[in-house]
Structure formats: structure tokens, C-alpha cells
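*Asks:* The lines below spell out each chain.
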Amino acid sequence: MAYRFTSDEWLEAFANQLNSDAQYAEIAKKWEGDLMFDLRAEPGAGGSRTLYYMDLWHGRCRSARMIDEAVEEVPQPRFILRAPLDQFIRILKSELDPMQAMLTRRLQVSGSMGYMLRNVPVVLDFVRCAREVDTTFDMV
Amino acid sequence: MAGPLNFRILHWDMSDGAHELKIVAPELLREHLGGANLAAQIAYPSLVPETDPLSPEAPLIFMAGPLTGTKGPAVGRYVVCARSPATGLWGESNCGGSFGPELRAAGLDGLVITGQAPSPVYLWIDDGEVEIRDASHLWGSHDTYETQLAVRNELGRKGARVACIGQAGEQRLRFGLILCDHGRVAGRTGMGAVMGSKRIKAIAVEGRQPLPLASPDAFNATRSETNRSLRVDTMTVSLRDLGTAGIAEYFDYLGYTPKYNFSRGIFDGVSKVSGAAMRESILSGVSTCHGCVIACGRRVKLADGVERKGPEYETLAGFGPNLGIDNLEAITHFGELCDRYGMDTISVSNTIGLAFLLFEEGLITAEDADGLDLAWGDVDVVNELIEAIILQKGIGALIGEGAASLGRHFGVEEWAAQINGLEMAYHDPRGSSGMPLVYATSPRGACHNQSDYYMVDLGQSMEEIGVDLVGMQAGVEKSPMVARHQDWRTVGNALVMCQLASVGVDVVLKLVNEATGFGYDLDELLCVGERGWNLKRAINNRLGLTASNDRLPARLMEPLSDGNTAGYVPPFEKMMAAYYSARGWDEITGRPTEERLRSLGLDAVADDLWGNEGHITGS
Chain A
1 MAYRFTSDEW
11 LEAFANQLNS
21 DAQYAEIAKK
31 WEGDLMFDLR
41 AEPGAGGSRT
51 LYYMDLWHGR
61 CRSARMIDEA
71 VEEVPQPRFI
81 LRAPLDQFIR
91 ILKSELDPMQ
101 AMLTRRLQVS
111 GSMGYMLRNV
121 PVVLDFVRCA
131 REVDTTFDMV
Chain B
1 MAGPLNFRIL
11 HWDMSDGAHE
21 LKIVAPELLR
31 EHLGGANLAA
41 QIAYPSLVPE
51 TDPLSPEAPL
61 IFMAGPLTGT
71 KGPAVGRYVV
81 CARSPATGLW
91 GESNCGGSFG
101 PELRAAGLDG
111 LVITGQAPSP
121 VYLWIDDGEV
131 EIRDASHLWG
141 SHDTYETQLA
151 VRNELGRKGA
161 RVACIGQAGE
171 QRLRFGLILC
181 DHGRVAGRTG
191 MGAVMGSKRI
201 KAIAVEGRQP
211 LPLASPDAFN
221 ATRSETNRSL
231 RVDTMTVSLR
241 DLGTAGIAEY
251 FDYLGYTPKY
261 NFSRGIFDGV
271 SKVSGAAMRE
281 SILSGVSTCH
291 GCVIACGRRV
301 KLADGVERKG
311 PEYETLAGFG
321 PNLGIDNLEA
331 ITHFGELCDR
341 YGMDTISVSN
351 TIGLAFLLFE
361 EGLITAEDAD
371 GLDLAWGDVD
381 VVNELIEAII
391 LQKGIGALIG
401 EGAASLGRHF
411 GVEEWAAQIN
421 GLEMAYHDPR
431 GSSGMPLVYA
441 TSPRGACHNQ
451 SDYYMVDLGQ
461 SMEEIGVDLV
471 GMQAGVEKSP
481 MVARHQDWRT
491 VGNALVMCQL
501 ASVGVDVVLK
511 LVNEATGFGY
521 DLDELLCVGE
531 RGWNLKRAIN
541 NRLGLTASND
551 RLPARLMEPL
561 SDGNTAGYVP
571 PFEKMMAAYY
581 SARGWDEITG
591 RPTEERLRSL
601 GLDAVADDLW
611 GNEGHITGS
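These protein sequence lines map, in sequence, to chains A and B. So in our numbering, spot 26 of the first sequence is number 26, and the numbers just go up one at a time. So in our numbering, spot 598 of the second sequence is number 598, and the numbers just go up one at a time.
Heads up, a few of these hints could be off.
Computed footprint of chain A on chain B, listed as stretches where at least three residues anywhere in the stretch have a Cβ under 8 Å from a Cβ of chain A [claimed, not checked]:
1. 41-50
2. 233-241
3. 272-283
Treat the hints as calculated values from the structure; they're not laboratory data. Note that beta-carbon positions come from the ideal geometry of N, C-alpha and C, so glycine has one too.
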């Protein structure tokens, strides 16, 4: 079943993928830090904002939810990753390397870039899991 | 708006002290812009095979760029140029700190130094007034930090900026560098040895003159906006947070960082010595060059509690993974030792690494090594070798001659990680396909600063100048992009602008025009870069460089057996052929073609290289 990006269901499928992936569990076993994706569509594409919050701890995703800023306070996690929606989709489609995206401002990092650089394999495997989610982008 | 920019160059003969201020005509400055390009133009007549790099006749040139000393982004640099005693070819090495800005504030944009002082001296440039002072009491006794302090105290001018040499430069060792401020160095190609050959221990400058800007209001508005943007740039934040060594773990992951003198692909200790490790252990502060918002410099405290310079990426990679060392305090110490003696950390660590490799392979015996066990990771041995280089004692004397010479001595020159006599920087040419071309064609040997193409491969493409992302292991399609990137970086070396600043091509163009009043369009500015690249190439051709020099040593054309780039070797020969085609270089002689030289306005150079009849002159 394909999940539509940027739906609630897609995020849930991604969290399930992380929690069922033995390789990610091993590589990320020392990772400690929640994060939030802050993705904005271009004004021409509706200008909407998607906030995905994920609590990542020792190789597991302890919780994941889509933030509705109209009804709840936006969390302040350890990392916030901001990107135009189209650039994030390029990452999911394997058209853009996530580390390249971070180092060239296509994906802006709030939080310790040093922690990211020390955990490159974790970052890359996290993205690998996202790419393994059966995803449809037709509504974006 | 003021008139077009003039450059004020002081020509100073150390033999008799005679000096003359010459103004570079705006037309000539427009062609070469400043920095290393202008220095190459000025030095060109002197750079013939008969000129020994360490002879009185050989010029030593300090040059600023038209943005140096302004509050523009990362433009506090100057460059030192000469015929290199390390390579016999064109030598240039640029340096941060505040010496360059102070030189311009003192009313000078450049110094052309010839001759040889009868005894050791230092030069004092006080707001345009110049003086030669005795330095006999500093020669042989004061390291680079002590020299700066002593000169300032002697002058009674704590604000003076001092560029100086250490014991290596005094002894004219090929690793000799020039250092200023808090350990900022013109490290490569032996410029300190050239300064030592002229018996100049130091140059001190102080000035209060305003910098000339063609359109000061427009420039100030642009540079303010640029610095605001640069301050929050992801790379800037990372560099400020972790220093240049912050990238070490990612480079390691990609297979960019050489290990065990380029012989293996895996070293487990990178995370113990990276910029992140430094921040978590010994970091005590940061330092910055003149007016720079990046602040990549590290300040660290070791066990003695003394705050000192921390290692940047090249020093850290050279004395770390390159030697199998995972001890951050030891690496910091080696960097400081080299700085104090005035030696280039890349060349020193690279050549020591080759000695370790030859020892491991049984080509150097314990007897050859003065009884030392040259074992990977042994910090005491590295310490002894650095001291032995300065003392020119035993194996240290051999190492002090550089990697090519050391390899040749033991019958394996092709093992040396060097090109045309300059030891390779710490970006493995098997890590991505652009760097082999960069190294092989750089005018100063195996240098990463004539084009940091590894950063393009990491995603810093420049579509405005036709440098696109084509994949780390792309083939011939990358060759013309490497040439374009080199041209752009040669513009940067004319401006003497730091490569670490993520500033767009369009912004640089705007700043240059607002500073100079030259009204360049992008094509003309790129042409300035291409002209500089080809002028340096022609200088090297005249000094004996041919197409056969454009190669990597055989050992680096063999794939690594482990690590993330195991099994990969770039398609070098095909890429080089495409590069020659893009450059318009003659594949037999390795020279820029006559047509290409004339199209760049280098007619006199074309006449010299090809003769009036279009035939090759010289060998």
C-alpha cells in the first residue's frame, strides 16, 4: 500500500519502518535526540507547512506525530530540519543526498551540526528507511 | 564614486635597501585583479630557469587583493609568491590573520622584495614609512610566536602585525613557512625559505589609512547584507562550532580522508580526533581572521593549562589518521611545534607518513632510521622526527628534503604522495574524481586550494559558472567543470578570499565591482581567473614543466583494498585528455596553445612560449 506524503499515515508508516528495521536499530543504537521536520511548500503549491515530530532514541522511534500548530504548541526538539517541500521530496526520491542537502543549505539544521556530522551513518540509514516507505507524491 | 582602483606596490632591494613605490595602472589591474594573479604578472620576467629560488635575484612578493582589509566576507587575506624552492615551479601560499589588512592600511597593496640583506633584518612599515632594522638578536633564537612578540615590544607598537619565519625559514628548508598572528600561515611551497634566503626574519606593519573603494556606500550595503547571510549559513555555523576539522568524520565516511599515508581505507580513531571531539575535550575558544564572521580558528587548552592554537583539518588529518594517531593532544602539540619552527604541517606529516610506510614495508631499516622504530601511531617518534628535521640530523635530514626525495632515496619515488615536488594535501584523490585533475594540474603541485573540488562533489555546485553536480565518481563530463572551478578559485586567489565563505558568484561579482569600479560582467571576471591560471601555467612551462608532469604517482592510481572507496580509481587519463581540450592546451608540450594565450590577452607570453613564428621555443 502506498502512503501519501505528507499525510499522517505516511509518518506512521515511516515510524513503523524504523521500528522494524534491524539495520537501523543497530546503527542508531546510540542516537539520542528528538527531531522535527519543518517542510514548507512553495507559495505556488499552496504554501502549506508540514511539521513532523519524531522522538528517536537508541535505534527506535518512540513516538511520531504530525503537529497541528493551530491547536497545539510547536515542540522544541533537539533538532529542527527545515527545507522547502520540493527539496525534501528530492531526498526521499534519492535525487539528493541528505548530507549534501544539509551542507548546502537545502536542508537547514537547527541543533548541533556536530552531532549530525558525528553520526553520518545514522542520518543516512534514517533516510534509507524513509525511502523504503511505499510513498506516493501525487497530492503534493 | 571615486576613480578606478590603483594598486601601490613597494619594490624593495634588501642588498642596498633601495626602494621605490610603483603604481599598477588600472588597465593592468583590471586584467589581473590582484593577489597571486598580479604577483605572477609582476614576477613573470624574473621567473626563468636560471633564477635560483633562493638567490638574491629571485623576487619574493607579498600581495593583497582589492577586497583585503575591507569588511567584506572572509577577505582578510594576503598571498606570498615566489619561485618555490620546494618544487622549482611557481610558488604561492595565502594566509589569513590581520597582516594583509594592516599592509593595506599602511598604504601598500604589495611588496616585491629582491636582493639579500648583509645580515639578518626585519622590515618595519609604519603607515607608509619604511625602515630596515637589525634582527641578528632574533635570528636562530626566536620562534615564530616569540619573534612577533619581540618585534612588537621593540617597536613599542602592540598593534603592529608581524609576519615572520622560524628556524626552518632561516635554514632555507623547503618546508619553511611564513606565520602571522595566532598561527595563521602561508604554509605551502617554501615561501619561508625564500624569505630566509633574503635574511628577513620578519615584516612588521601598522597603518591608519582608509582603504580605497570605488563605491563605498554600495559596497558597505552589499557586504553588510552578505555578512548577515553568511553568519547564519549552515556551513558557517558548522565551521564556527567545530572548526574546519568538524568535517573530518564525514570526510572519513566518504573515504576522502587519507589514512596511513594514503595506503589504507580504514582508521578507527577519527572520531577521537575530529572537530567534534575537540569541542568536547580541549576547546577553549575560537579565533578569527580580520573581520571574518566565520571564526573557524580553534583555541584549545592542553594539560599545562596554556591556551594555544588548535589544529585545523589539514594538520589534524596529517598528524592524525595519516600517521595512525588518535591522540588529539599530541596532534595539537605537533601542529604547534611546526608553527613555532615555521614548517608546513602538510608537507612535514606527509613525508613522515611516507617514512612510516617505507619502514613498515621494510624499505627503511631501523639503522636507516637512526635506531627509531617508525611505527604507526607512535607519538614519541613523530616528536623526535620533527626535531630531527629542524636539526637536519640523520633520517630527519632526509625527511626534510620532502616526500619525492625520500622516496627516490629508497628507490620508490612513485610511492610518494606528491606532485611536482609538493606533498599532497589530505583529500584522497580516490575519494572523488575531481581532485586528481585538481592536484595534477595545480600550478603549485598537489594542492587543494587551487580548487576545492571535493566541496563541489559534496554539493556546493556553482551552476552560474557551469559547475554542476554530476556525481562523485563521474568521468570526462567533469573535466571542463574542474577547469571552470579552478578559474573561479583563481579569481578568489586574486581577491585573496577565503574559500570557506559560502558566498554566491553573483555577490562576489557585485562586491568586486563596487570595490574596484571595473564594471566586470561575469564572463570577464571568469576570464581574469582563466588568464591567471594560464599565466602561472606558462611560467611553469618556461621553468621546465611539460605534459608529462600532469600525473599522479603510481601508488595513488591503485585502488584501496578497504574503506568506502575500495576498488575505485578515477579514469584519470581520459579525464585529463578532456581537461586539456577544455583548457586549450597543447597535448604534446603541455603548454597553453598560442591561440589560447592570445585570446586571454597574454601576447607577450605567447611570444615567449611559442615564438613569433608560432613554433615552440626552448626545450
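*Asks:* Please go over all the hints and tell whether each is borne out by the structure.
*Replies:* Now for the hints, and whether the structure bears them out:
no.	hint	verdict
1	41-50	violated (count 0)
2	233-241	holds (count 6)
3	272-283	holds (count 4)
Consistency with the previously given hints fails for number 1 only.
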